[in-house]
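**Q** One letter stands for each residue in the lines below.
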Amino acid sequence: MITYLIRRLLWLVPVLVGVTFLVFLTMYLAPGDPVKIMLGPRATKETIERVRGELGLDRALPVQYFSWISRIMTGDWGRSIQLRRRVFPLVTSRFTSTALLGFSALLLASLGGIGAGIAAVFKRQTGWDSLFTFLAIVGFSIPVFWLGLILQLVFGVRLGWLPTSGIESSVGGGGVGDMLVHLILPVLALSVEPLALIARMSRSSMLEVIQEDYIKAARSKGLTETMVLLKHALRNAFVPILTVIGMQLGFVFAGSVFVEAIFSWPGIGNLIVNGILARDFPIVQGSILLIALSYVLINLIVDMSYAYVNPSLRYD
Amino acid sequence: MKFNFERQTDPDHPYYDTGVFGYADFTLGMIDTIEVVDDYTLVLELKYTFAPFLRNMAMLAAALVSPESLEEYGADIVVHPVGTGPFQFREWEPGVRVVLDRNLTYWGEPATLDTLIFRPIINPQSRLAALETGEVGFIVNPPPEDVERLRNDPDFDLVAKLGQHTWWIVLNCQMPPFDNKLVRQAVHYAVDKKAIVDSILRNTGEVAVNPLPTNVWSYTEDVKIYDYNPQKARDLLAQAGYPNGFEVEFWVPETGSGMQQPVEMATAIQAYLAAVGVTANIQTWEWGTYLDKVFGPPAEELPAMHEMSWIMDNGDPDNFLYILLSGEQWPLDGFNESFYKNEEVDRLLCEARVELDADKRLPLYVEAQKLICEDSPWIWVDHAYETFVMKTGIQGFVFQPTQGILRFERVTFE
Chain A
9 MITYLIRRLL WLVPVLVGVT FLVFLTMYLA PGDPVKIMLG PRATKETIER
59 VRGELGLDRA LPVQYFSWIS RIMTGDWGRS IQLRRRVFPL VTSRFTSTAL
109 LGFSALLLAS LGGIGAGIAA VFKRQTGWDS LFTFLAIVGF SIPVFWLGLI
159 LQLVFGVRLG WLPTSGIESS VGGGGVGDML VHLILPVLAL SVEPLALIAR
209 MSRSSMLEVI QEDYIKAARS KGLTETMVLL KHALRNAFVP ILTVIGMQLG
259 FVFAGSVFVE AIFSWPGIGN LIVNGILARD FPIVQGSILL IALSYVLINL
309 IVDMSYAYVN PSLRYD
Chain B
13 MKFNFERQTD PDHPYYDTGV FGYADFTLGM IDTIEVVDDY TLVLELKYTF
63 APFLRNMAML AAALVSPESL EEYGADIVVH PVGTGPFQFR EWEPGVRVVL
113 DRNLTYWGEP ATLDTLIFRP IINPQSRLAA LETGEVGFIV NPPPEDVERL
163 RNDPDFDLVA KLGQHTWWIV LNCQMPPFDN KLVRQAVHYA VDKKAIVDSI
213 LRNTGEVAVN PLPTNVWSYT EDVKIYDYNP QKARDLLAQA GYPNGFEVEF
263 WVPETGSGMQ QPVEMATAIQ AYLAAVGVTA NIQTWEWGTY LDKVFGPPAE
313 ELPAMHEMSW IMDNGDPDNF LYILLSGEQW PLDGFNESFY KNEEVDRLLC
363 EARVELDADK RLPLYVEAQK LICEDSPWIW VDHAYETFVM KTGIQGFVFQ
413 PTQGILRFER VTFE
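Those protein sequence lines, which keep their order, are chains A and B. Be aware that the first sequence starts at 9, since it is given in our numbering, and climbs by one per residue. Be aware that the second sequence starts at 13, since it is given in our numbering, and climbs by one per residue.
Bear in mind the hints are in silico, worked out from the structure with no lab data behind them. Cβ atoms here follow ideal geometry from the backbone N, Cα and C, with glycine treated the same way. Each hint should be verified, as a subset may be incorrect.
[Said to hold, decoys possible] The list that follows gives simulated cross-link-like pairs (lysine to aspartate or glutamate, EDC-like), each with its CA atoms no further than 20 angstroms apart:
| no. | chain 1 | residue 1 | chain 2 | residue 2 |
| --- | --- | --- | --- | --- |
| 1 | A | LYS53 | B | ASP29 |
| 2 | B | LYS305 | A | ASP41 |
| 3 | A | LYS44 | B | ASP29 |
[What the hints assert, rightly or not] Computed list of chain B residues with no C-beta within reach of chain A, every gap over 10 angstroms:
| no. | residue |
| --- | --- |
| 4 | THR301 |
| 5 | LYS305 |
| 6 | LEU383 |
Take the sequences, apply the hints, and build the full model.
**A** Written out as C-alpha cells, the structure is:
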C-alpha cells in the first residue's frame, strides 16, 4: 500500500510537468499579444517592446518555461499581467471558492444520485422506475448555463427566496450562514448533471449485483429487501459508482466556469477564462497547475478508497 | 504631478517599474520639460504645439497617486491606492468587490455617500437579476431586450446617455474595390443603419450620420448623409463598373470593447450587401487575436472590410478625426485602419491641431467632416448609449461621457 502510494505520488511530477508545458505551449502559440492587450490600443511600439522585455516575453519558449518552473519551485508564482497582483494568493483564494462550490455540488450529486439509484432499484419494474429513467435523461441533458439562469429567475427574482449572485451580501454580508445561502443556487445548478449520471450508474450497477448468487443466498436467509439492498448489494455495487464520482470531478470543475459566470461566484473558472482572454500567462499557468494537482490527488484518493470499499482489491 | 508624470514616462525613474503605463506616451508624450514653480503652479513645456493638450490633462493617465504610498508599497500600490478623489479606497477583492469610503479630507465638497461598493457581475441577465432582487441598487448595461420593460417599470429608473463612441465598418481604401469612392458610397447606402439600431441594438444606440459622435464639439450634420437606399447603391456600383457586384472578405470579432453585438451586426450588414449584389464572406475571430490581426499589417494584408469602434479619450475632435482618419496616422503611427488619405483633409486636421483658438479650429473641423463624409472611408453605423438602471429614488448620479466616467459623489437615495 505504502509503495503504491509513493509510486503514485512520484507520478505526479511528470503529469504536472506535462500539463503545465502543454498549457504553456498552447498559450504561447495562440495568437494575441499579452503586452498589447495589457497596455491597450494607445501604447507606442517602444513601450510595447520595453514591457515585453521586462516581462521576459521576448525570450525563447523553453527559457520562459524553465524560468517559470524554477520560480514556482521557490514559491514565486509571479504577478498577474492584467491585475498586477501576486498570482499565488489570488489563485489559491479563487481555488478555495471553486473547491467549495465543486465539492458541495459533488457531495449533493453523490448522495442524491446514490439515493435515487437505490430508490429506483426498490421500485424496479414499476412506473416509478420509468419516471426515474426519464428524469435522469432530462437531468444530464439540461445545459448548465440555462439551468443556472432559470434557477436565478425562479428562486431569486420571482420568489425572492435566495440571492442570485456573489459569495456574500453586498451590505452586512460575511459569515458562514451568509455564504451558505449564496451557495445554494450555484450548487443546485452544478449538481444536476452529475447527479443524474451517478443515479443511473447506481441503478444499473445495483441491478447487476442483485442477480448474483450471494444476493439470492441473502434473500433465502429471510432478510428483508431493505437489508439485502443496503447491506449486501450496495457495498458490492460501489466500485463502479465511485469511479463515476471520481470522473465527475472533472465535469464539476469544467462546469463551474459557466456557473461562476452566471452566479458571479469568485472562483477559478472565471479567473482562467479572463486570464485566457487577456493572455495573462501567469494567472492561467498558476490556476491550471493548482487544478491539475488537485485532480490528480483526488483521483488518487478515489483509487485508494476502492480498497476500503472492496477489501479484495489490494495495491502492492 | 511632476513625480507622477515622470514616473510614467521616464524609464530611469526609480518608480517606473511599479506599474505599466499604456496610455502614458499617448497622454503625456508631448511634454518636454516640467518645472515646479510653487505648490500650486506647474509649467509644462511641450515638444510641439498641441491644441487638445489641456483636455489630455483630464485623462485618467494624468490622475495622481500618492508618492508616499508608492514609496511604501512599490508595485503593490495596486492594492494600496491613494488618490485625491471624493472617495478613498478600502478594499479590492478580485472577482468579489471593490469598496470605497467617503474621503474625509477631500479638497472639494465631501461625498454624500458613506460607502460605495462595486461588484463585478459579468453576465447581463445576472446583473439584472441582482438589481431586481435588491442585491444591488444600480447596474450598468442591462440586457438590451429588457430595456423597454425597465423603462416602464415604476420600481426602476433607466438612464440612457450618449457616450463618445462610434461603431463602424472599416473599408480598405488602398485596395480594390474600395479604393474607388463610388463603391464606398454604394455600400454605405446599402446598409439600413436604422433597422440595425432598432432591432439588433434595441435602441441602445443612435444612428450615426458622421464618424464624429454627436456630442463632440464641432459636430455637424451639414454633410453628405447616407440614408438607406439600395437602389442608389446599385446605381453607384454600376457606375463604378460593378453592375453585378463583387465578393469581399469581412473580418469580425466575436466580442470586444465597444463592439456592441459584432456578429449579429455583421450578419445583418452581410445581408444588406447581398441585396445589392455584394458578397461579403464573414470570418470571426476572438478579440485578442482580432486586434493583433487588424492592427499593424499593411493595407495589402488586410481584408476589404472589418469592424471597429472607438471610445473617445479626451473629448477633442482631434481624438477622432486626426487619429482615425488622417493620412499621417496609418498604422502603426496611429489608428487610420482604412488607410484613408485625402490631402485636403490632412491639411485641415493638421492645421486644427496646432491652432489654439477654438473659434478658428471650428471651421477647419467642419470642413474636414464634410470632405470625409463625401469620401465615405467607413460605414459608420451608430453611437452607443451607456445605459444605467437604478432603484427609483436614487438621485444625483452623473455620467461623464468623455472616458465614460461614472460619478457617485452627489448620489442620494430615499
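**Q** The structure should be examined with respect to each hint, and the outcome stated for every one.
**A** Hints, one by one, checked against the model:
| no. | hint | result |
| --- | --- | --- |
| 1 | LYS53/A <-> ASP29/B | 18 angstroms, holds |
| 2 | LYS305/B <-> ASP41/A | 10 angstroms, holds |
| 3 | LYS44/A <-> ASP29/B | 17 angstroms, holds |
| 4 | THR301 | 4 angstroms, violated |
| 5 | LYS305 | 7 angstroms, violated |
| 6 | LEU383 | 26 angstroms, holds |
Comparing the model with each numbered hint stated earlier shows that hints 4 and 5 do not hold.
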